[in-house]
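Protein sequences appear in the order of chains A and X. Residues in the first sequence are numbered consecutively from 998, following my numbering. Residues in the second sequence are numbered consecutively from 998, following my numbering.
Errors might be hidden in some of the hints.
Since copy identity is lost for identical chains, a pair holds within one copy or between any two.
Said to hold, decoys possible - DSS-like cross-link-like pairs, simulated, lysine-lysine; straight-line CA separation at most 27 Å: (1) Lys1259 to Lys1062; (2) Lys1097 to Lys1284; (3) Lys1097 to Lys1003; (4) Lys1103 to Lys1205; (5) Lys1022 to Lys1212; (6) Lys1003 to Lys1062; (7) Lys1062 to Lys1097; (8) Lys1175 to Lys1097; (9) Lys1212 to Lys1175.
Keep in mind that the hints were calculated from the coordinates and are not lab data.
There are 2 protein chains.
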Amino acid sequence: MSKVLKALQTEANDAIQSTFISLTKRLNYTSSPLLDAVEYALLSGGKRMRPLLLSITGTMLSANKQDINVASLAIECIHSYSLVHDDLPAMDNDDLRRGKPTCHIKYDEATAILAGDALQSSAFECLSSMPLSEYAQTKRHELIAILAKASGMRGMCQGQSLDLLATGETISLDDLIKLHQLKTGALIESAVSMATCLSPTANEDTRKLLSVYSKAIGLAFQIQDDILDLTSDTATLGKPQGSDLINGKSTFVTHLGLQGAKDALTVQYEEALHALEQLPYNTEQLKLFTQYMVARTH
Amino acid sequence: MSKVLKALQTEANDAIQSTFISLTKRLNYTSSPLLDAVEYALLSGGKRMRPLLLSITGTMLSANKQDINVASLAIECIHSYSLVHDDLPAMDNDDLRRGKPTCHIKYDEATAILAGDALQSSAFECLSSMPLSEYAQTKRHELIAILAKASGMRGMCQGQSLDLLATGETISLDDLIKLHQLKTGALIESAVSMATCLSPTANEDTRKLLSVYSKAIGLAFQIQDDILDLTSDTATLGKPQGSDLINGKSTFVTHLGLQGAKDALTVQYEEALHALEQLPYNTEQLKLFTQYMVARTH
């Protein structure tokens, strides 16, 4: 990861921490075992990919910093809740996440289910109740509509359901792409959509190009995930290596082979860069982000 | 239940069904096993207490019918998701709900977790994306703020967490009241708050009186629940009788005895009616609702 991007990632992580603290104060979240579990899930590191993407895109499009932070916290709440629930014994049954015990191991299953549920509510509390710029005030319900769509029946939950159904089954490449577009792509795309929604300057052409861009990196992210599951090791990944294969999941690697998956990754990478090149903005930071997405090691 | 109230309940139930169908069409929810589970959880009957309360209050306050239906569906999505998750083996471990297999028994645990998650997203998709009257368009984020607050760290999830922590423990009556205000009261209160939010006519006095009213019936609801758990039978309740005692839970009955709980119910009932009497509206239907709340047998 480049120094510039690393600094932006640290900034995005700090913004999540401080915006969550303001949210707990403003909304009077009082100390409780549930809040402990929520903080454990939300604030124990992670790559902050979605907030980083939202922040870089929003800054490029002249969105207000506070608006970006509020939207970033909301999307990270959704992402964190999905990890907590996906790790549950009835789902992927993972004990380790980011090198630490998963939420249900650290606490218990009931607390993990509730922490995930509360994180989802917090995402929408955040978007509906946290202070925003005058411009973004009028965009609250649009931001909520984008995030709710990406989270539920037309996004992440549907994708996770299809993923569970596909476990142990052979599914077509088209179905695999659709599954991942819903499971991880939709939320990544929503980071870009929310940033665009917060921009007073982005026009329809920009919106369309960024949509192409975010679809490409969403897919690239998953292809790289599948490659890493096979080629990286547990210490680097922070979760068991080879777990997709052990769980009998179709992946881009099982479909295309390792080289084929790498080639498919390159195709998405180039499509993403091509979309960026056509934008009338300084896309340097988004290019760094895109390079990182396809070159990341965990 | 009086004939008038029964008719209103049927109407509220029909509105949930038809509004959910319009939502699935408008938002392109396609057929899937997850949608089956969501529909199973949402559309398999239930008393529709919150939509009924929202609808009666909203109608009394001259809110628009379509707005009421959208808000009612949203609140019922939250309520349904909470039942699906509360029934899970790691939580209350109930096999029966409304006389039918619970979601994780009918499908499986993973599907039940995801169906609950998706129902929560749908609640916020519904409030942010479904058509509303011109007046309510400007109230979307307020409606969302009310519902998100009632659902998460300051409401239902926090209450359920406190309830689990209290299982097998003796807690004070004050803590029991606080627990239930969060676990079930917050969502019942939000039905009234959302209805008031949708009203172009309700003033601050009305808002305050209805807040007193909804707090009283929220507590009355739980006291009656505890009484029924001891005095009703499985066939009438649609769930195992005496499960609170078996699970070692503090209830209003364990604290106050059966007669003491009945007396406490009367106090809340009278407080609710007293608030209604001061309202400058025709409160006949709300009175019927209140009578039903304290006299219900399941």
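Hints, one by one, checked against the model:
Taking the shortest Cα distances, Lys1259 and Lys1062 never come within 27 Å of each other, neither inside one copy (36 Å) nor across copies (55 Å). For the identical chains of this complex, Lys1097 and Lys1284 are neighbours neither inside a copy (31 Å) nor across copies (54 Å), given an alpha-carbon limit of 27 Å. Proximity of Lys1097 to Lys1003 under the C-alpha cut-off of 27 Å is restricted to the intra-copy arrangement: shortest distance 22 Å within a copy versus 53 Å between copies. Taking identical chains as interchangeable, the C-alpha atoms of Lys1103 and Lys1205 are never at most 27 Å apart, the minima being 43 Å within one chain and 42 Å between chains.
For the identical chains of this complex, Lys1022 and Lys1212 are inter-copy neighbours only, at 24 Å across copies versus 36 Å inside a copy, given an alpha-carbon limit of 27 Å. Taking the shortest alpha-carbon separations for Lys1003 and Lys1062, only the intra-copy value of 18 Å comes in at or below 27 Å, while the best inter-copy value is 52 Å. Taking the shortest Cα distances, Lys1062 and Lys1097 never come within 27 Å of each other, neither inside one copy (31 Å) nor across copies (50 Å). For the homomeric pair Lys1175 and Lys1097, neither the shortest alpha-carbon distance inside one copy (31 Å) nor that between copies (34 Å) is at most 27 Å.
In the homo-oligomer, the alpha carbons of Lys1212 and Lys1175 lie at most 27 Å apart inside one protomer (11 Å), although the nearest pairing across protomers, at 46 Å, exceeds that limit.
Hint check: violations occur at hints 1, 2, 4, 7 and 8; the rest are consistent with the structure.
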